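Asks: In order, the protein sequences belong to chains A and B. Mind the numbering: the first sequence is residues 5 to 129 in the working numbering, read in order. Mind the numbering: the second sequence is residues 5 to 129 in the working numbering, read in order.
Treat the hints as calculated values from the structure; they're not laboratory data.
All copies of an identical chain are treated as equivalent in the list; a pair is satisfied when it fits inside any one copy or across any two copies.
Here are the simulated DMTMM-like cross-link-like pairs (lysine to aspartate or glutamate), alpha carbons at most 25 Å apart as the crow flies:
| # | residue 1 | residue 2 |
| --- | --- | --- |
| 1 | K116 | D76 |
| 2 | K68 | D24 |
| 3 | K116 | E64 |
| 4 | K68 | D120 |
| 5 | K57 | D34 |
| 6 | K116 | E94 |
| 7 | K68 | E51 |
| 8 | K116 | D24 |
| 9 | K68 | E91 |
| 10 | K53 | D25 |
| 11 | K68 | D25 |
| 12 | K116 | E104 |
| 13 | K116 | E91 |
| 14 | K116 | D37 |
| 15 | K116 | D25 |
| 16 | K57 | D76 |
Nothing here was measured: the structure is a model prediction, and the numbers come from that model.
Protein chains: 2
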Amino acid sequence: MNGNSDTDYVRLRLRLYFGDDLMLGPGKADLLDLIASHGSIAAAGREMKMSYKRAWMLVEAMNKAFRAPLVDSTRGGIQGGGARLTETGEQVLAHYRRLEQQVAVSGASEIKAIRDLLNVTSKTE
Amino acid sequence: MNGNSDTDYVRLRLRLYFGDDLMLGPGKADLLDLIASHGSIAAAGREMKMSYKRAWMLVEAMNKAFRAPLVDSTRGGIQGGGARLTETGEQVLAHYRRLEQQVAVSGASEIKAIRDLLNVTSKTE
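The shape of chain A in the complex, shown without the other chains (with noise of 0.2 Å):
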């Protein structure tokens, strides 16, 4: 948001695989934090300007990647369906996001370190 903060001018995305396949990153940790506010899989896509199918292709892949089904969904209906996050999914975001901050506050001097190299007529633009 802020252009001119040190913050935004190295931004760490961290991914989780499992083996070949990208099991969780950035997209689905936002997208499981925008079903669990909007309550729904169709406007939580919506709201990342991604599909109705993407976000349910990958909804489906984290629920079957997990234990337990991350999110727990309704389609349709009289109420148009609906969907909320599993306790599982709650623990699943939880996690990816503690990490999120750990790893930021670990990895910050070698960040600094990247970023203090970094072309300086670039950092302006």
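Given the coordinates of chain A, work out where chain B should sit on it, guided by the hints.
Replies: Here is chain B on its own, set in the frame of chain A:
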């Protein structure tokens, strides 16, 4: 390599973004490592099953993003050209590798917690 080791279940990969652009991630870091060991952008790219053009583009992008080029190269000539990491290149790569190590250590418990929630049958695939 060892499909039964715990650490193979979940691998953490770090990507550093500068604004919206990927600045440094596992692919570029490996490319830098291979350029250092092979002394050639083409050979490094081949080992990563990457076209010569793509390897060059990644190097150019890194060279522009930092204060000083990360890779010093001579195209063609009698010797067939060659490439090596500059001091800045070695520094950036070293910071990235240390960042990976620190993050793996500091994130271990959260990563384990996520791994413990994975579908057991998927783990054996």
